[in-house]
Each structure stands twice: as C-alpha cells, then as structure tokens.
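Asker: Sequences and hints are given; from them, build the entire structure.
Number of protein chains: 4
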Amino acid sequence: MEKIIKKAYTESIENERKGDKEEEVEAIKRIILNAKKIIIATNNQKKFKVIGDILSHIVNAKIEMLNINTNYADLTRMPAVNKGLMAVDTEKADLIIARGRLGVPGSGSMLVIMDGKGRILSASLSPSSVLHKEDIEVRIKKELIDALKRIGIDIQPLYYKNE
Amino acid sequence: MEKIIKKAYTESIENERKGDKEEEVEAIKRIILNAKKIIIATNNQKKFKVIGDILSHIVNAKIEMLNINTNYADLTRMPAVNKGLMAVDTEKADLIIARGRLGVPGSGSMLVIMDGKGRILSASLSPSSVLHKEDIEVRIKKELIDALKRIGIDIQPLYYKNE
Amino acid sequence: MEKIIKKAYTESIENERKGDKEEEVEAIKRIILNAKKIIIATNNQKKFKVIGDILSHIVNAKIEMLNINTNYADLTRMPAVNKGLMAVDTEKADLIIARGRLGVPGSGSMLVIMDGKGRILSASLSPSSVLHKEDIEVRIKKELIDALKRIGIDIQPLYYKNE
Amino acid sequence: MEKIIKKAYTESIENERKGDKEEEVEAIKRIILNAKKIIIATNNQKKFKVIGDILSHIVNAKIEMLNINTNYADLTRMPAVNKGLMAVDTEKADLIIARGRLGVPGSGSMLVIMDGKGRILSASLSPSSVLHKEDIEVRIKKELIDALKRIGIDIQPLYYKNE
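Chains as they are written, first to last, in full-length UniProt numbering: chain L, 1 to 163; chain V, 1 to 163; chain R, 1 to 163; chain Z, 1 to 163.
Each hint should be verified, as a subset may be incorrect.
[Said to hold, decoys possible] Computed far set for chain Z versus chain V, every beta-carbon distance over 12 Å:
hint: 1; residue: Ile54
hint: 2; residue: Ser56
hint: 3; residue: Ile58
hint: 4; residue: Ala61
hint: 5; residue: Glu137
[To be verified] With beta-carbon atoms standing in for the labels, derived distance ranges:
hint: 6; chain 1: V; residue 1: Asn43; chain 2: L; residue 2: Asn34; range: 35 to 45 Å
hint: 7; chain 1: R; residue 1: Asn43; chain 2: V; residue 2: Asn44; range: 38 to 48 Å
hint: 8; chain 1: L; residue 1: Val138; chain 2: R; residue 2: Asn60; range: 54 to 64 Å
hint: 9; chain 1: Z; residue 1: Lys142; chain 2: R; residue 2: Gln45; range: 27 to 37 Å
hint: 10; chain 1: R; residue 1: Lys46; chain 2: V; residue 2: Thr10; range: 20 to 30 Å
hint: 11; chain 1: Z; residue 1: Asn43; chain 2: R; residue 2: Thr10; range: 20 to 30 Å
hint: 12; chain 1: Z; residue 1: Lys149; chain 2: L; residue 2: Ile58; range: 46 to 56 Å
hint: 13; chain 1: V; residue 1: Asn15; chain 2: L; residue 2: Val138; range: 20 to 30 Å
hint: 14; chain 1: L; residue 1: Arg30; chain 2: Z; residue 2: Lys142; range: 36 to 46 Å
Just so you know, these hints were derived from the structure itself, not from any lab. Even for Gly, the Cβ is constructed at its ideal location relative to N, Cα and C.
Answerer: What follows is the structure in structure tokens.
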C-alpha cells in the first residue's frame, strides 16, 4: 500500500493525477480480503455479530471486538473516524471496522473501513436515525455491504447464497 | 448550533446519549436553508455549476467558487474533508461544499457539507470512478441530492419540477 | 485572517512560500489582543484561574470556563487539540485556550491557542509530568507566557510588573 | 505500545486517569531507541543531515529522507503533523521525524516525532522565524534535542562529547 500511495502522491504533486486507478482499488481489495486480524470498534455485542458474520463469508481472519467503550468518540468532530483510530491505537490489526456518527449531532451515521495504520479504505453512510427508522442491525448490514461494494467487493450474491 | 452540540456532548459524557434527535436534524437543516454565503471548494467550473444550480433551488445565498487550487488536499488522509477545511480557513461563509477523494487513493469520492467553522453537517459517497464509469456531473448531482436527503432536505421533486 | 491565509496558501501552491511573514504574526497578535470573548477549555477551577489572570493583563475580554468535562479528549490522538475543538464546537468565542496531553500517554502536555474556528495560532509544550515534578499552576503559567512569546506577545515584564 | 495506550484509555473512561506514568514514558523511549528504520519527512538535504547526525548518536537505525515533496502540507491546519502523516502513509518505518509550520501562517514551527502508525510520541516548538532570526540548522538541532529531552532522552552531554 505504501508504494501505491507514494505513486499517487507523486502524481498529485506533479499535477498529473486523474482519479482512482484500477491497481489502487485492487490494492484495497487485497488488504481487506487477506486480513488475518480484524477489529470491530464497537462494544455492542449485536453490532459486532452482524459485522462479524458478514466478514466471515469473505475473509479467513480472527475477528475481535474492541474491548473498550468507544462512546466518548461522540465528543469529537468525526465520531466514526475517531472510533476507528481508538482501535488503531490500542490494537495490532490488519483491518478495522468502526461505526458511529458522521459529524455533528444529527448528521447520521458512518461505517468506516480502515487499515492497521488508520488509513481509510472505504466507508458508507446512513441517514439520521430520526429520518430512517429502520432496525439497526438491518442498517449496519446494508452499510457494510455498501462499503465493500464501493471498492468492488460484491458480497451480496455470496452472502445471500449462504442464508 | 453551539447549544445543541453542547447538549449532545453533555448527554454523551453522562452516558445518556441515544442517537440523533429531531431538533438536531432540524438545526442542521436550518443552517443549510438559511445560509447567506456558500463556498464550493472546487476550482472546476463544471462541478461548481452543477452544485450551484441545485443549491440555488433551495437557498437564497451568494454562491461562490473557492479561487484556490484544492488538488493538493489529495496529499492528506481525508482529501474531501481537507478541501472543505481549506475553504473554512480562507473564507468567511455559512456553508461549505467540498468534493474529493474519501481516503486513500482508490477509495472513491466523498461530497461533504460543512458549516463555516468546519463542522460536518452531512455527506455522501460514490464508488471509485474505476468501478462506476458514470459521467462526473451526473454523479455529483446525485451526491448532493443524496447528502441533503440524509438530513431531511428532499430536493428531488422540487428540483426535477424545475427541469 | 482569511485573506492572509489565502495569500499564504496561494504562495505554497505556487512554490513561492518562504516562511512566516511579519504581517502574519501581526494578524495573530491582533486576534489575540482584540478578543472580546475567550473560552478556557478546562473544567478545573485552578487552571482556569491561572490562565484567566494572565490573560486579563493583556486583553479586555470576557473570559469563561468551558462548562463541560474535557477529560474524554484523552481518548484521541491529540488530546489538547481536541479539547480546543470541543470548545470551538460548543461555544461562540474569539479565542480558545486548551491544555492537555500532546499525543500518546506519556508524551507530556501541550497548551494550545486557537481562534473561534479552531485554527491554531500558537502553542507551547511541557515535558511529561513524570520527568518534571513542577507545580502544575507554575507550569501552566510558564506555558501560556511561552505560547504568547512565540508569536511576539511578551507578557513577562508586563505581568511581573503587576505582581 | 498498544497495551499501554489501552490501559491509559481505560483509566480515562473510568475517570481514574492521573497524568503520565513512568512506564508510558519508558515505552516511548524504547520505541525511539530501538527504531530500526527512521524516515525524516523533509526533502531538504541540509535539514536531513542535521537530524540524521543527531539521531545516529542514539539509535542504530537506517535513516532515510522522504523522497516526496512535503511542502503542500502547508495547505492544511497542522502542516508539521500532516508532513509526518505523509511519511506514515507512504513508508514502512518505526519512527518518523517531521518539521514544519505548527498551525496558521505566522504560527512558528513544530518538530514532531511519530511512530510508524502516526501516533505522536513527542514534539518541540520554535517561535516564528520572523521573531527568531536564528540559523535554521542550529534551530532544528535545538528542536530535536528538546523533543527528545521532553520524554527523558537527554542527548546533550552524549552529543557534545562526540563533537
């Protein structure tokens, strides 16, 4: 990943950057699919189960819950991202999945997929729960499927086949 | 907004926070709909036009392009968010719309709506352009409509009525 | 400030930036010395008093304590900076003074001076308290004097004259 | 480091945190003194040499320059920190040293020591160059010595002995 980022940064510095490249998306997919240890930055058992179940269909990894309370990330400007960074800083892992508020109170939620250094690989968003009274487990499932799809991991057929 | 955020933070500190509230979503809508000056953090004339056209249907504001090159935000961990902060720091505005890469190269794009202090009000995401070969103007239009819809501003009927 | 930052950003984009300029330092001083409302991002009465006393020698401002618990900023990568942002997001103010840990546990402390949008104007650092067993009030006093001195506000003679 | 941070975070969550601990400072020192690969986030040969020379007195590591232009970090809110993150994201390293502007234009400079994940271990600050017309190499030398001293690595006697 480091080399790919360096190449992209060099293109940006030289004003030659023209958007994402296939090899970059492939590199992201590789990090996700080859992860050996994944931390889910939640201390909610149900949310953990939903995310863990989906991931176990596509990766052969040890999937663990972050055993510290991540709620205080709500006191930051980007709660979901900061939940992820709490996991990055307190765990050695290949992949981190965090879910929380996007921005200010009322701004709805974000699910974010980070690598072990806290680099953001993908994400997905949901409307504010006030507007979208869907069951939270259904919501999170959609969010994870959506975040993976954005970078070319189409989990839906695979996943539903197994249901 | 300050009072609403303080109230939400206090709830989080006391472990009594239970998710977004209607008054919070209303406060976000009010900031957006009452904006008098909006900066669009892009130096691309086409992108500016797409976003400006949609916004002019819902707000009575002075809408301006940020007249500095925002491309170097690609050298940061969250390019779209940092483009927005470039506008926050170089302009006085009520609202800022920025669009750029979500995270690492290959991670697709993000459109973000911030207030004048850089607080994130809403956002939306698109897949990596490698996977989604849609026209960029169509894409941006969808992103803005989507970002507004997440917090209860349904622009679609209004907007298409005018087409 | 917005104009000065824009000018500096434009120089950086054109690769013509050559370091801080006198007018930039002057602009920072002006923001500090003309502040009408200052928030001190601490909920510790003693720390508030030390900082408020010094500031009252140089500014004619309403100085208030942030009445929410900022301790949970310790769960972030840059606690002092995030304490300041908690104040930015929950208060309308011209100036914010925050003090907390610099980075990881053990990394010592930082006092940071921000404007009302969260832009960093100055700061100062202290060694880890483990190494530097000085009284915390003496320490904070030094930190504030030092942070002001860095940008040309020499408070020491003025301050000690008044003691 | 992960375990030590988790322990400190848990203390903060339980409101039992009482400031830095000796074992935390020791952990920081260990990361620095045992580093096998260090990246200096500058593309200035002179600055690299000053920093590299000092470090080579205390660590037995491969010390390299970041071979991308870090100047565009000046378009962010915390240029020095963002230079460091550019190195974190484009290199595999145990330690990263970055130097740049602290905050807004005019805010003086910061030298920051990060680990390979971007966690901040120590830092030091210099006044704005407008106010402090010292030679930049002398300045950087002082900054590095100061940043190390804050966390208990007293390089001065060792260093000058070797001159």
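Asker: Is the claim that Z:Ile54 lies outside the interface with chain V correct, judged by CB distances over 12 Å?
Answerer: 27 Å, holds
Asker: Is it the case that Z:Ala61 keeps its Cβ farther than 12 Å from each residue Cβ in chain V?
Answerer: At about 25 Å from chain V, Z:Ala61 clears the 12 Å cut-off, so the statement holds.
Asker: Quick check: does the Cβ-Cβ distance between V:Asn15 and L:Val138 fall within 20 to 30 Å?
Answerer: 26 Å, holds
Asker: When you look at the beta carbon of Z:Ser56, is every beta carbon of chain V farther off than 12 Å?
Answerer: 29 Å, holds
Asker: Decide, holds or violated, for the assertion that all CB atoms of chain V are farther than 12 Å from the CB of Z:Ile58.
Answerer: Z:Ile58 clear of chain V: closest Cβ-Cβ about 30 Å, beyond 12 Å.
Asker: Verify the CB-CB distance for R:Asn43 and V:Asn44 against the hinted window 38 to 48 Å.
Answerer: The hinted range 38 to 48 Å holds for R:Asn43 and V:Asn44, with Cβ atoms some 45 Å apart.
Asker: Taking 20 to 30 Å as the hint, is the beta-carbon distance of Z:Asn43 and R:Thr10 inside that range?
Answerer: 21 Å, holds
Asker: Holds or violated: is the Cβ of Z:Glu137 farther than 12 Å from all Cβ atoms of chain V?
Answerer: 26 Å, holds
Asker: Can the suggested window of 36 to 46 Å be confirmed for the beta-carbon pair L:Arg30 and Z:Lys142?
Answerer: 44 Å, holds
Asker: Do V:Asn43 and L:Asn34 keep their Cβ atoms within the hinted range of 35 to 45 Å?
Answerer: 38 Å, holds
Asker: Given the hint of 54 to 64 Å, is the C-beta distance from L:Val138 to R:Asn60 inside that range or not?
Answerer: 57 Å, holds
Asker: May I ask you to test the hint 46 to 56 Å on the CB atoms belonging to Z:Lys149 and L:Ile58?
Answerer: With Cβ atoms ~49 Å apart, the hint holds.
Consistency note: the structure conflicts with none of the earlier hints.
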